[in-house]
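Asker: With the hints as constraints, model all of the structure from the sequences given.
Chain by chain, the residues:
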Amino acid sequence: MDNRATRRRADNEAGFVLHTHPYKETSLVVEAFTRRFGRVALLARGARRPRSAMRGVLLAFHPLRLSWSASGELGTLVAAEWAAGLRSLEGLGLMCGFYLNELLLRLLPREDPHEELFDAYAGSLARLSARAPHAAVLRGFERRMLAELGYAPVLERDAATGLAIEPERRYAYEPDRGPVAVTGREGRPGVGADVVVSGRTLLDLARDEYECAETRDEARALLRALIAHRLGGQTLHTRTVLMELQEL
Amino acid sequence: MAKEPIPTAKGVERLVEALRVLPGVGPRSAQRMAYYLLQHDRAGADLLAQAMAAALARVRHCARCNNFTEDEVCSLCRSSRRDPSLLCVVETPADLAMVEQTLSYSGMYFVLMGRLSPLDGVGARDIGLDRLLARASDGEVQEVILATNFTNEGEATAHYIAEMLRARKIKASRIARGVPLGGELEYVDVGTISQAILDRRGL
Ligand SMILES: [Zn+2]
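Protein chains in written order, with the working numbering: chain R, 1 to 248; chain P, 249 to 451.
Simulated from the structure, these hints should not be mistaken for lab results. On a predicted model such as this, the values are computed, not experimentally measured, just so you know. Backbone N, C-alpha and C fix where the C-beta goes; we use that ideal spot for every residue, glycine too. Among the hints, erroneous ones may be present.
[What the hints assert, rightly or not] One side only, chain R facing chain P, incomplete, derived with CB under 7 Å:
#  : residue
1  : H19
2  : E25
3  : A60
4  : W82
5  : G85
6  : R87
7  : G91
8  : L94
9  : F98
10 : E102
11 : H237
12 : V241
13 : E244
14 : L245
[Said to hold, decoys possible] Reference listing, derived: stretches of chain P covered by chain R, where coverage requires no fewer than 3 residues with Cβ under 8 Å from a Cβ of chain R:
#  : segment
15 : 267-279
16 : 360-374
17 : 400-409
18 : 438-450
[To be verified] Over 10 Å on every C-beta distance to chain R, these chain P residues come out as not near it, computed from the model:
#  : residue
19 : A303
20 : R306
21 : C322
22 : Y353
23 : L433
Answerer: See below:
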């Protein structure tokens, strides 16, 4: 869509702040994720002034209503309002929130609307805010994000044979293809690079079931590998920062 | 058609480039500053150059609180009038100055010179958390007061410091937040009021 010539206006759009960067002396560039317009970059003029009305509002993880006008890549934020009173994320939940934001910043192209992904994101934040188990929230979001971006993981059929996944078998997961049953003790040549998980994990993932500890561990490793594949070698800052903290 | 480049002296170009390291200074403002200094205030420019060189040569981080000082240990950390059992953690020297202005705190400080910012890749090492932990474990500190900002980054920073202190059996507390003193609810932003209601306390 060519919108270079037209100035678009968006009013009261549901959205979240993903991240902000200082811009010049008193302004902010806001990376926002909106329901109907996807990821947009917006300039918030004067938002870093001590008495700016936007200062206490432009915080990540809070549902907002955003109004802006745009004629190119960078829109101008006109208003930002609080849309719901979510309890602020705390502790590890806050770290999980940063992680979700980084996934969106890295993997979701700008101006590509994904309403269902937006709803999944809003729901994930609400669950983190309500102290839901983190693993279930993260895995659910990762899976939905991959699906929304067109990389829905195959979880119920063996990619080589087309047969239904058996809970007791082990499967090597090839990121571009899907799970392939590992045969015998010798395995398959070249399995080394792929994550190997149980059929049970795949089936649990398909149903968003994370009660079992083994499922949680394997699902985490599997989704991590699938996301790493989409990131093409980029490392996630949030993961590095968390690892460094755990070393102290 | 390419325009003829405007002739400029090498020194001017380098000065403009150098001024751009300042936060919020783009090429236009840098150029304005450079011309101003060279044309109207050469003495001021000389003062600036000397002050900068002197600061770079002498100013370093205090071995105890990490704030800027010209000594190994700053005067505040050496003062016998401060309470060594309290350690207040702030993000910046400006925050320290603010807490000092209250005249209601007489303990010691640790200045992080930043905050955790996971999305920017700023981690524990970048803000010297290992040094803070060493400082807090000196045996004299009884309570660490976390006065980082009430942003998501400041909250994450406070949380992780508190966790690390807890593991070392050192008491940690967080400064309270809410409606500003003298603030009328009608004029306070909704986020603050929403948080103040969630953080309400019994009377
Ligand atoms: Zn000191």
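Asker: Hint by hint, note whether the structure agrees.
Answerer: Quick rundown of the hints versus the structure:
{"no.": "1", "hint": "H19", "verdict": "holds (5 Å)"}
{"no.": "2", "hint": "E25", "verdict": "holds (4 Å)"}
{"no.": "3", "hint": "A60", "verdict": "holds (5 Å)"}
{"no.": "4", "hint": "W82", "verdict": "holds (4 Å)"}
{"no.": "5", "hint": "G85", "verdict": "holds (5 Å)"}
{"no.": "6", "hint": "R87", "verdict": "holds (6 Å)"}
{"no.": "7", "hint": "G91", "verdict": "holds (5 Å)"}
{"no.": "8", "hint": "L94", "verdict": "holds (5 Å)"}
{"no.": "9", "hint": "F98", "verdict": "holds (4 Å)"}
{"no.": "10", "hint": "E102", "verdict": "holds (6 Å)"}
{"no.": "11", "hint": "H237", "verdict": "holds (4 Å)"}
{"no.": "12", "hint": "V241", "verdict": "holds (4 Å)"}
{"no.": "13", "hint": "E244", "verdict": "holds (4 Å)"}
{"no.": "14", "hint": "L245", "verdict": "holds (5 Å)"}
{"no.": "15", "hint": "267-279", "verdict": "holds (count 3)"}
{"no.": "16", "hint": "360-374", "verdict": "holds (count 9)"}
{"no.": "17", "hint": "400-409", "verdict": "holds (count 5)"}
{"no.": "18", "hint": "438-450", "verdict": "holds (count 6)"}
{"no.": "19", "hint": "A303", "verdict": "holds (22 Å)"}
{"no.": "20", "hint": "R306", "verdict": "holds (28 Å)"}
{"no.": "21", "hint": "C322", "verdict": "holds (25 Å)"}
{"no.": "22", "hint": "Y353", "verdict": "holds (22 Å)"}
{"no.": "23", "hint": "L433", "verdict": "holds (14 Å)"}
The structure shown violates none of the earlier numbered hints.
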